[in-house]
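Trainee: Work out the full structure: start from the sequences and follow the hints.
Going left to right, the sequence shown walks through residues 1 to 249 as the working numbering numbers them.
Each pair of labels, with its calculated beta carbon distance range:
| no. | residue 1 | residue 2 | range |
| --- | --- | --- | --- |
| 1 | Phe31 | Asn104 | 45 to 53 Å |
| 2 | Ile36 | Pro180 | 19 to 27 Å |
| 3 | Glu195 | Val225 | 49 to 57 Å |
These are computed hints drawn from the structure, not numbers from a lab. Even for Gly, the Cβ is constructed at its ideal location relative to N, Cα and C.
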Amino acid sequence: MSGAIRGRGRVGRVLSGAAVGVGCVLLLGGFVLAAILYQPYAVPTDSMAPSVVAGDRVLAQRIDGGEVRRGDVVVFRDATWGESLMIKRVVGIGGDVVACCDENGRLTVNGEPVDEPYLADTENPASSTGFDAEVPEGELFLLGDDRADSLDSRSLLTEAGGGTVPADAVSGRVEAVVWPVDRFGQLGRATGFAEQPGGISGAGPLRPLFQVICAGAVLIVVGAVYPALARLRSRSGPPRRADVSGDAQ
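Mentor: Have a look at this one:
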């Protein structure tokens with residue numbers, strides 16, 4: 001009997017060690033991939049409220065200009081906009097005609113109205129100032145979600161670049177808010193642009209990476225705790241009976 005118990009103990013130790021090993025691979029591998037694929041940023045202003053607000057920490061998937069789609073919230077740097085990194089929403093790409101507003105106060109792209117439930121103010125028109133702009137090839141037209149308080153392409157229409165930004169100025173697509181905790185979560189997809197040519201961006205790998213990291217952490221904890229629980233269980237089991245031999249008196 002004791003041999004069987006010792007055998008089970010050895011198997012348990014092997015399995016717990018394997019769980020810790022696999023957990024470490026998943027945990028570290030997930031963090032390494034996340035560091036390769038994503039870049040954290042601090043949001044400096046409320047121009048993209050309520051999607052992201054000043055003080056938020058966000059994760060942006062590293063992409064190049066060729067991967068940008070309408071509706072993406074992107075991080076970019078362009079001298080015309082200043083020296084700081086900017087976060088805005090792409091509403092037009094090369095060849096698009098972006099205008100505002102139609103009879104219902106909505107933004108239009110190539111003559112098609114776009115529903116924008118992410119705006120800070122959905123009761124008023126999508127822009128307080130009217131505009132009509134054709135986006136040059138290789139350029140992007142960008143707006144803030146708080147249209148009443150955003151320095152964006154509308155503000156720079158009279159500049160040399162016509163308010164657009166080169167697509168290759170983009171360094172990332174914001175996918176999630178990670179801090180503060182009460183705002184933790186992925187950004188909603190801008191489905192209002194889904195019917196435009198090329199559609200909208202699909203979900204990035206952040207959720208699967210998060211699941212892999214969590215699975216690794218759970219395996220490490222379970223593998224580390226199991227031996228202690230097994231020892232505690234063996235000590236708290238019923239006492240072994242002593243063998244009694246000899247004739248009864």
